[in-house]
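Asker: Spelled out from the first residue to the last, the chains are:
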Amino acid sequence: RKEVEQDPGPFNVPEGATVAFNCTYSNSASQSFFWYRQDCRKEPKLLMSVYSSGNEDGRFTAQLNRASQYISLLIRDSKLSDSATYLCVVNERRTDKLIFGTGTRLQVFP
Amino acid sequence: EAGVTQFPSHSVIEKGQTVTLRCDPISGHDNLYWYRRVMGKEIKFLLHFVKESKQDESGMPNNRFLAERTGGTYSTLKVQPAELEDSGVYFCASSRMAEGTYEQYFGPGTRLTVT
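Protein chains in written order, with my numbering: chain A, 1 to 110; chain B, 1001 to 1115.
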């Protein structure tokens, strides 16, 4: 079983749609959680950290459920520029390394 | 502020040859990490430096891989001799040494192809 599991997609949505991605992680010792965005043939870029209380940054909302070991990302009012791969990432504080999911591909069409 | 830089951006070598990848972290970042993505798989951790010391090298696949960070600034990752399965994208990342801060910033990667 993978340490971080994501639906690979692709999710094809029209502009303006709301789309949600989910992710589960297996290690209950995981301490920090992130969503990274990766464009084709580019490096991963931090989109947002995820906190237990949930957090919002503009059109993006992230939620963490520690009991279920589940992380989500909600994108409202999708833009063409949101098309990318979204990587769910967890960090084990003991080791400081990041553990990545395989990513969920989003394609927003006009 | 300049980001993480990596050199070269691409490298094509033959099986059995040696390749050295370089990473320059963001200035002032004591933590430096190497990751790798092979085709069709997720990005995987290779190792972590704190300044010039190896903090965690649990992800290094075998002894054909040697990472160094002399002086605690830039880092090199040498693959010798390269095998076909070493092909992939090698990312370097860095972060500040600050309590509670675990945000890692990635470089553009080196795309390695072993033929």
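Take the hints with a grain of salt, since some may be wrong.
[Said to hold, decoys possible] Cut-off 25 Å, straight-line C-alpha distance, at most; resulting in silico cross-link-like pairs (DSS-like, lysine-lysine):
{"no.": "1", "chain 1": "A", "residue 1": "K79", "chain 2": "A", "residue 2": "K42"}
{"no.": "2", "chain 1": "A", "residue 1": "K45", "chain 2": "B", "residue 2": "K1044"}
{"no.": "3", "chain 1": "A", "residue 1": "K2", "chain 2": "B", "residue 2": "K1051"}
{"no.": "4", "chain 1": "B", "residue 1": "K1041", "chain 2": "A", "residue 2": "K45"}
[Said to hold, decoys possible] Some chain A residues judged to face chain B by a derived CB distance under 8 Å, without partners named:
{"no.": "5", "residue": "P8"}
{"no.": "6", "residue": "D39"}
{"no.": "7", "residue": "C40"}
{"no.": "8", "residue": "K42"}
{"no.": "9", "residue": "E43"}
{"no.": "10", "residue": "P44"}
{"no.": "11", "residue": "L47"}
{"no.": "12", "residue": "M48"}
{"no.": "13", "residue": "S49"}
{"no.": "14", "residue": "T95"}
{"no.": "15", "residue": "K97"}
{"no.": "16", "residue": "T102"}
Simulated from the structure, these hints should not be mistaken for laboratory data. Ideal Cβ placement from N, Cα and C applies to all residues, glycine included.
Asker: Flag every earlier hint the structure violates by its number, smallest first.
Answerer: 3, 5, 6, 7, 11, 12
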